[in-house]
Structures are given as C-alpha cells and as structure tokens.
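**Q** Chains as they are written, first to last, in UniProt numbering: chain A, 1 to 255; chain B, 1 to 281; chain C, 1 to 347.
One thing to keep in mind: the hints can contain errors.
Unchecked claim - DMTMM-like, lysine to aspartate or glutamate: derived pairs with alpha carbons at most 20 Å apart: (1) C:Lys-49 x A:Glu-57; (2) C:Lys-49 x A:Asp-54; (3) B:Lys-58 x C:Asp-334; (4) C:Lys-49 x C:Glu-270; (5) C:Lys-273 x C:Asp-96; (6) B:Lys-96 x A:Glu-247; (7) C:Lys-269 x C:Glu-106; (8) C:Lys-137 x B:Glu-143; (9) C:Lys-153 x B:Glu-143; (10) C:Lys-264 x C:Glu-279; (11) C:Lys-308 x C:Glu-106; (12) C:Lys-49 x A:Asp-52; (13) B:Lys-58 x C:Glu-40; (14) B:Lys-58 x C:Asp-79; (15) B:Lys-58 x C:Glu-188; (16) C:Lys-264 x C:Glu-106; (17) C:Lys-137 x C:Glu-106; (18) C:Lys-273 x C:Glu-56; (19) B:Lys-58 x C:Glu-270; (20) C:Lys-137 x B:Asp-187; (21) C:Lys-269 x C:Glu-279; (22) B:Lys-58 x C:Glu-336; (23) C:Lys-269 x C:Asp-79.
Read the hints as simulated data drawn from the structure, not as lab findings.
Bear in mind the structure is a predicted one, so any value in this text is a computation, not a measurement.
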Amino acid sequence: MRALPWAYLIAAFVFIYLPVGALVLFSFQAGGLPVPPFEGPSLRWYAEITGDRDLMEALGNSLLVALGSSFVAVVLGFLAAYGLARHVLPGSALIRGLLIAPLTVSYLIVGLGLLIVLTRTGVGLSLVTAGIGHVVINLPLAFAIIYASMGAQQQNAERAARDLGAGEAQVIWLVTVPMLAPAIAAAFFLSVTLSWDEFIIAFLLTRFDVTLPVEIWSLLRSGLSPRLNAIGSLVFLVSVTVVLILEILIFRRKS
Amino acid sequence: MSRDTARGWGFVAPALLWTLAFFVVPFVVMGAMSLATLERREVVWGLSLANYAELAEKAYLWRAVLVSLEITLTVTVVSVVLAYPLAWIIAFRVPKRWQRLALLLAILPFWTSYVVRSYAWLLVLAREGVVNQTLMNIGLIAEPITLANTRFATITGFVHFFVMLLTLTIYANLVQLSPNYRRAAMDLGANAFQTFRHVILPLTLPGIVTGAFLTFVLCIGDYVTPQILGGNTELTVPQVIMVQLGRRADFPLAAALAIVLMGIVTMAYLACARWLRLDRI
Amino acid sequence: MTRLPALLLCSTALTATAAAAQEELNALVWCDHTDPALIEPFEQAHNVKVNLREYEGTGAALALLDQSRPGDWDVLVIDGIDVFRAVEAGILAPLDGVSTEDFFPEVVMAENNSVDGVMYAVTEKFGYNTISYNADKVDPADMESLATAWSDKYQGRISIYDYYLPVMGLAAIAGGIPTAEIGADDMEAIGGTLSAMRGNAASVAGVVAAQTALATGEVDIVVGGGEWLTAVLAGDQPNLTWTIPAEGAVRWAQSIGVVAGTEKPDLAKEFVKYIVSPEGQARLATSSCFWGMPANAKAGEFLTDEQKAVLRWDNQPDYLARTQLYPAPDADLDVEMQDLWLETLQQ
C-alpha cells in the first residue's frame with residue numbers, strides 16, 4: 001500500500017514524458033523518417049533546421065510577438081487592476097467581468113471574430129494583428145493575477161508614500177510596482193508562455209511573416225521528417241533552459 | 001463624478017477600450033455575420049436564421065457538436081481524475097524540499113511546442129510506435145493495435161496537456177490548505193477516506209472546478225489536436241469551422257458554428273458558476 | 001524588465017522600414033513554392049524580395065483576395081481547375097507572352113487556363129491522385145484495379161487522402177463516370193462508392209498523417225495518394241510505391257498567373273516566366289514540400305536520372321493518356337460535393 005503513491009507518481013511521469021522522449025530520441029535519427037527502428041545518432045536534422053531561414057525568422061517573430069503582446073497585456077492589466085483596487089468605480093463588478101470575459105471564450109472564436117473585423121475594415125494582416133489577438137487572450141490573465149495580489153499591505157505603503165508627498169504616478173512607480181513585482185513577473189511570464197505557443201490566432205491573423213507554431217504547422221503539412229522532431233526538441237531545450245534559470249533565480253531569492 | 005472616480009476610469013480605460021475594440025466588437029460583428037448569408041461568395045447581411053437551420057439539417061454539422069461535447073467531457077473528467085492524485089502525492093507524499101522540483105518536472109513538457117506535441121503523440125501511438133512495441137514486449141497484446149488516428153488518440157493528446165495544467169492548479173489549492181483541517185478531522189475519528197471526502201474535497205472544489213472549466217474551454221475550441229491525431233473519421237466543431245473557412249470561405253456558417261460553440265461554453269459556465277473563481281486564479 | 005520589450009518593438013519598427021526599401025513581390029502560393037532553392041535564384045537575379053503566403057483550398061485564397069486592396073498581391077498559384085473561378089471574380093489579369101511551346105501538350109490545358117480565348121494563367125506542375133501502397137504488405141495485382149484497391153480484403157488497412165475533389169474523382173472513375181461530366185445526378189453513385197471506401201478505411205488523412213501511417217505500417221494503402229506522397233519516403237522505404245490502375249486515375253495540375261491590379265505587372269510576369277522556365281521547373285518539380293511533374297518538358301535537361309526515375313518521367317505518355325483531370329464543379333455542385341464528403345466522413 002505504501003508503494004502505491006510512488007508507483008502512481010512514476011506511471012504519471014512516464015505518461016507525461018512519453019511523447020517528449022520519443023520526440024527527442026528521433027530528432028537524432030540518422031535515417032530519413034522519424035519512426036522505428038532508430039538508426040543511430042546523428043545531428044543532421046539539427047544542422048538542417050538551424051540553416052532554415054524561414055524557420056529561424058519564424059522563431060524571431062514568435063519571440064517578438066510573445067514579448068511585445070505580453071508587455072502590452074501586463075501594462076494594461078496592471079493599470080486596470082490598480083484602478084479597480086484603489087479607486088471607487090460604479091459598476092466595478094461588471095468591469096471586472098468584462099475584462100475577464102475573454103478567458104471564457106475559445107481562442108478560435110477570438111481569432112475568427114478579429115479576422116472578420118480586420119479583413120472587412122481593410123486592416124492588413126501581420127504580426128501586429130496576431131499580437132493584438134494575443135493581448136486579448138492574455139489581458140484577462142494578467143489582470144486577474146495582478147488584481148488578486150493587490151492587498152491591504154501595499155495600500156498602507158502607498159498611503160504612507162502619499163502622506164509623505166508623493167504624487168500618484170510616483171506612488172505607482174516607486175511603491176506599487178516594486179511591491180507587486182512577483183505578481184507582475186508571473187503575469188508576464190505566463191503571457192509569454194501562452195503567446196509563444198499559441199497557434200490558431202496566429203494562423204488566422206498573420207500573412208507573410210508567421211510565428212513558429214504556424215511555420216511548424218506548414219512543415220507538418222509538407223511531409224513526414226525528423227526535422228519536425230529536431231525543431232520541437234530545440235524549442236523544448238531552449239524553453240526549459242529559460243524556465244530553469246527563472247526557477248533558480250526566483251527560488252534563490254525566496255530562500 | 002468625483003475626482004477619484006475620474007482618475008479610476010483613467011486607469012481602467014486602456015484595458016477596457018482594448019477589450020471593447022478587439023473582443024466585444026468582433027464578437028458582435030461575428031454574431032451579425034452568423035445571421036448573414038453567402039450568395040455566390042458574397043456575404044449578404046441580413047437577419048436570416050438559414051445558417052442555424054443548416055446546422056440542424058445537416059447531420060455532419062450537428063454531429064460535430066456531439067463529437068466535440070463527448071470528447072471534451074471525457075477529457076475534462078479523465079484529466080481531473082488523473083491529475084488530482086498526482087497533485088496530492090506531490091503535495092503530501094513528496095518531501096517538502098523536493099516538491100518544487102517534482103512539480104516542475106510534472107509540467108516541464110508544457111514547454112514543448114503545442115503543435116509538435118500532438119505530432120509526437122502520433123509517432124508514439126503509431127502501429128510500430130513505442131506504446132505498441134512495449135505492450136507486445138511485455139506480452140499484453142500479440143498484434144499491434146490501432147491507436148493513432150482515432151478518438152482515443154485525440155483524447156490521449158488532450159489529457160496529456162490538461163493533466164499538466166490541472167496538476168499545477170490542484171497542487172496550488174492543496175498546499176494552501178492548512179494542515180490543521182486534516183489533523184482536526186483525524187482527531188475527530190475520521191479515516192483517511194472520510195477526511196478526503198468531507199474535508200479536503202469540498203475545500204479544494206473551487207480550484208478543481210475552475211481548472212476543469214478552463215480545460216473545457218480550451219479543449220472544446222481546439223483545432224490542432226483532433227486535426228493531427230483524430231484521423232478525420234469524425235470531425236469536431238473547430239475542424240468543421242476551419243473547413244468552412246478554408247475551402248468555402250463561408251464566413252456566415254463559420255460564425256454560426258462559433259456562436260453555437262460559445263453557447264455550449266456559456267452553459268458550462270452557468271453549470272459551474274457556483275464554484276468558479278475566475279478572477280482568483 | 002520593461003525596457004527590453006520596448007527596445008525590441010522599436011527595432012522591429014526599424015527593420016520593417018528598412019525592408020520596405022527593397023522591391024517586393026507578394027505571392028499567394030502552394031507550399032512547394034516556399035522552398036528557398038526555388039525562390040532565392042529569382043530574388044538574386046532581380047534584387048527583389050518575394051513574400052510568400054501559403055494557402056489551402058481555393059475558397060480561402062479567393063476570400064483573401066476579395067478582401068485585399070488592389071496591389072496587395074502580385075502572383076497567384078491556383079488549382080488548374082479553378083482558374084476560371086478566379087477570372088470570374090476578376091482576380092487574375094490577362095497573361096500574354098508566356099510561352100507554353102515546350103510544355104507536355106496534355107497539360108497546356110488552354111481551355112482551363114483561358115476564358116473567352118484570353119489566357120489568364122499557365123500550368124506549372126502536375127501529378128496524380130491515385131493509389132499509393134506498401135508493396136510488401138498488399139498484392140500489387142490488386143492495386144491495378146480500383147475495384148480491388150479499396151475492397152473488403154483490405155479493411156482497416158486503408159487511409160483516404162483528405163481532399164474531397166480527387167477522392168470523389170476516383171470514386172467517379174471507379175463507377176465509370178468521366179470526371180468532367182460529374183453532375184448532381186451522380187452524387188448518389190459517388191456517395192455509395194465513397195461510403196464503401198470509408199467503411200474499409202482506418203483514417204482520412206492529410207499529407208503527414210498519411211505518410212506516417214504508411215511508413216509505420218498503420219495502413220498499407222492510401223487512396224488519393226501518388227508521387228507527391230511517397231516520393232519523400234521512397235529513399236528510406238522503397239517498398240512504398242504507387243500505381244495508376246487500369247480504370248485510370250485523377251490528374252492534378254496547378255497554374256500560376258498574375259493578379260489583376262498589381263502595381264508590378266512586369267516583375268510579376270518575370271516571376272511567372274522564371275517558374276515555367278526549364279531551370280525553375282526543375283526546382284519546382286523537386287521542391288521540398290512535394291514533388292510533382294514539371295509542365296515544361298525541357299525541365300528534363302536539369303533533372304538527374306534519379307530524380308526522373310522518382311518522377312517516373314518515362315511513363316508520362318502512358319499516364320497522361322490514362323488519367324483525367326479532377327472534377328471542376330460549379331459553386332452549387334461544389335457545396336453539394338463537400339457536404340456529401342463531410343457527411344460520409346462523419347458517418
């Protein structure tokens with residue numbers, strides 16, 4: 001009986017790592033197909049993808065859209081959270097509901113709605129329109145996370161600062177933002193993760209320059225190849241490195 | 001309007017305007033689009049229910065709604081049932097100093113590309129893939145079984161993703177519980193199961209429901225996983241929407257399908273509204 | 001933390017303006033045109049940047065073009081059978097001065113590429129939707145007839161290619177209906193064949209899913225497959241092959257033309273000329289996304305013997321004689337065919 005939880009833990013980890021393991025293993029496939037048998041380690045597919053101009057451009061585009069849209073989402077989310085938590089507004093429950101609402105809507109619907117409006121108003125599709133879509137889906141999360149962490153503790157510090165003669169902008173910049181830094185960082189990080197990996201909105205709302213998931217989707221349509229494994233493994237490696245660095249930094253600071 | 005209120009509006013306005021312009025307006029236009037019709041590739045605006053009627057008439061359309069619902073409900077239930085024990089074990093069995101590491105390990109594959117992850121499952125579940133080979137090696141099956149390109153494959157791909165997501169949210173809920181509740185229940189003579197059933201479960205229910213609702217929303221609207229793994233032998237609503245967009249450019253019908261999808265999510269929302277804490281994620 | 005994104009945004013704005021200085025050509029294409037080996041020689045020769053957007057399905061492309069401003073797009077690659085739809089919608093500009101002299105005569109398809117005697121596009125690449133199979137697992141003799149290729153004998157070992165037109169074309173051919181004459185009355189017969197096919201199929205698959213299924217032994221037959229499906233697999237698994245059965249099969253062809261309203265008509269025409277030149281044709285035929293026969297027979301001089309063998313260069317006269325273009329339904333019939341297709345998938 002005592003071993004049962006551990007057996008479950010191991011089984012769960014096997015399940016969670018099964019696709020990742022297969023993905024990484026066959027990214028080193030020497031042959032031309034990412035299916036058994038494994039023909040021995042080779043780095044040829046990694047060489048091929050790092051030499052692929054489109055793929056590397058898409059990688060850069062994804063980074064840009066993720067950072068840009070998350071930045072906007074976090075700024076807007078923070079301002080709204082501050083406004084709602086520190087000022088008396090009529091219908092504040094309704095405003096909160098409206099800001100959270102996109103969270104309850106599928107990405108496909110957000111993308112489809114924007115596609116219909118943008119194409120009919122003559123706004124051309126680009127990385128910017130994809131970024132706009134990503135702000136729509138990330139704003140509710142950023143708002144919710146930051147709003148939830150706005151407590152009485154910061155309010156006292158803000159009041160003290162104001163009593164000492166600080167203007168509202170100063171209070172926000174010098175007191176509220178630093179005190180909420182963990183929540184703001186968390187919101188930013190979550191936004192970046194979601195935007196980085198988002199497919200359908202980027203697929204519907206981009207034109208020539210596409211993000212990585214869209215480029216991978218095109219690759220996926222163009223034929224079975226270990227290239228897909230290599231690009232997937234590479235993304236995993238890079239993301240995991242970033243996650244681990246953040247984890248270590250935050251973890252160290254806490255302890 | 002007091003000065004304080006005016007300033008408050010100033011802070012809220014950017015986010016509010018963004019949401020209005022890029023979420024509410026598109027949504028309303030999409031609603032209007034669902035009432036338009038397509039005539040010789042031209043969208044004719046109007047107040048027609050033809051698209052919704054078509055949905056009721058054409059079997060492949062309403063069947064897509066059923067398929068989507070069946071898959072999404074299965075995925076939600078299975079994911080919660082699998083994730084809860086995992087979160088529990090990490091929260092209460094794994095020693096404190098290893099908990100963060102265990103949790104991180106449990107969600108790390110979250111950072112492989114979403115599209116690639118579905119593709120990876122295709123390879124794992126293939127006839128000569130890892131799963132079939134393992135099952136044959138340990139003698140559970142004599143012949144490889146068809147796993148890829150089935151509903152089972154779609155569900156597996158989804159469950160993999162959502163188990164990670166739910167483990168994180170449920171874990172966060174479990175560790176917030178004061179150990180005193182468990183101790184008190186034990187002191188009053190409850191056994192482990194009773195403690196769970198009458199104390200822990202009710203206390204973590206809002207967290208579970210919120211996670212399950214997000215699972216429902218993300219799952220029912222997803223195109224990638226069923227498209228890559230499902231073998232197209234049955235289509236979900238997002239797949240049918242993409243067919244309307246890609247092959248026919250039938251925006252009105254696609255919009256009507258999206259509105260139906262939205263209706264289902266709203267019903268799910270109302271069903272679990274009691275426990276939902278969306279602004280407290 | 002806040003400065004970095006701002007900086008990045010600024011730098012993109014800057015690079016965006018820098019890129020605008022160079023002349024650009026915007027092309028709406030199929031995925032085989034995105035291969036740098038095909039595009040870069042043209043970019044260098046004309047000092048131009050070619051922006052490419054892939055699309056799936058003529059409907060999507062026409063909608064996109066309808067909603068664009070004139071001048072947004074310069075070149076369009078489109079299904080050969082749909083050229084007339086694009087012309088009707090006023091999307092293609094007349095195309096003159098592009099020679100088809102060296103083309104395989106069967107694929108010039110003047111009747112498809114012109115409307116009222118005015119040429120709007122030229123064929124650039126073609127191939128077949130037929131039967132791909134694993135020669136080690138099925139009896140190759142069975143693959144020589146559509147009647148046996150998807151019969152009950154191979155239940156659960158078949159995948160159907162996920163595009164309604166060629167597969168329904170094959171179903172029509174199996175029933176003795178010429179693809180050019182498919183009408184609303186034939187839907188019942190085609191639906192019956194499709195239903196039988198679906199009953200024996202394990203999946204309905206896109207390109208990668210079909211290739212994975214073939215390569216891993218998930219299925220042994222792909223209905224609607226062809227050289228474009230198995231050419232990339234043949235190197236590792238030579239047992240994966242394709243054939244054109246006795247009844248014949250469906251031929252696909254893609255055309256290229258200049259978009260009406262382009263601000264760079266000459267450059268756009270140069271691009272079309274490059275694509276149908278022997279060198280461009282050889283690169284297009286063996287492009288990374290999928291292989292297919294070049295329309296220009298002179299491309300043969302730029303292809304290696306191995307490449308020609310994979311394309312089955314020498315069999316073309318026979319194949320061309322025995323295959324029919326895939327169905328080109330009008331708008332109403334198209335909707336009916338799609339509905340029937342989706343209905344059958346979901347059964």
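**Q** All hints are to be evaluated individually against the structure, with a verdict given for each.
**A** Right, here's what the structure says about each hint:
no.: 1; hint: C:Lys-49 x A:Glu-57; result: holds (14 Å)
no.: 2; hint: C:Lys-49 x A:Asp-54; result: holds (13 Å)
no.: 3; hint: B:Lys-58 x C:Asp-334; result: holds (16 Å)
no.: 4; hint: C:Lys-49 x C:Glu-270; result: holds (13 Å)
no.: 5; hint: C:Lys-273 x C:Asp-96; result: holds (11 Å)
no.: 6; hint: B:Lys-96 x A:Glu-247; result: holds (16 Å)
no.: 7; hint: C:Lys-269 x C:Glu-106; result: violated (23 Å)
no.: 8; hint: C:Lys-137 x B:Glu-143; result: holds (15 Å)
no.: 9; hint: C:Lys-153 x B:Glu-143; result: holds (18 Å)
no.: 10; hint: C:Lys-264 x C:Glu-279; result: violated (23 Å)
no.: 11; hint: C:Lys-308 x C:Glu-106; result: holds (19 Å)
no.: 12; hint: C:Lys-49 x A:Asp-52; result: holds (17 Å)
no.: 13; hint: B:Lys-58 x C:Glu-40; result: violated (47 Å)
no.: 14; hint: B:Lys-58 x C:Asp-79; result: violated (28 Å)
no.: 15; hint: B:Lys-58 x C:Glu-188; result: holds (16 Å)
no.: 16; hint: C:Lys-264 x C:Glu-106; result: violated (31 Å)
no.: 17; hint: C:Lys-137 x C:Glu-106; result: violated (34 Å)
no.: 18; hint: C:Lys-273 x C:Glu-56; result: violated (24 Å)
no.: 19; hint: B:Lys-58 x C:Glu-270; result: violated (47 Å)
no.: 20; hint: C:Lys-137 x B:Asp-187; result: violated (67 Å)
no.: 21; hint: C:Lys-269 x C:Glu-279; result: holds (16 Å)
no.: 22; hint: B:Lys-58 x C:Glu-336; result: holds (11 Å)
no.: 23; hint: C:Lys-269 x C:Asp-79; result: holds (18 Å)
Of the numbered hints listed earlier, those contradicted by the structure are 7, 10, 13, 14, 16, 17, 18, 19 and 20.
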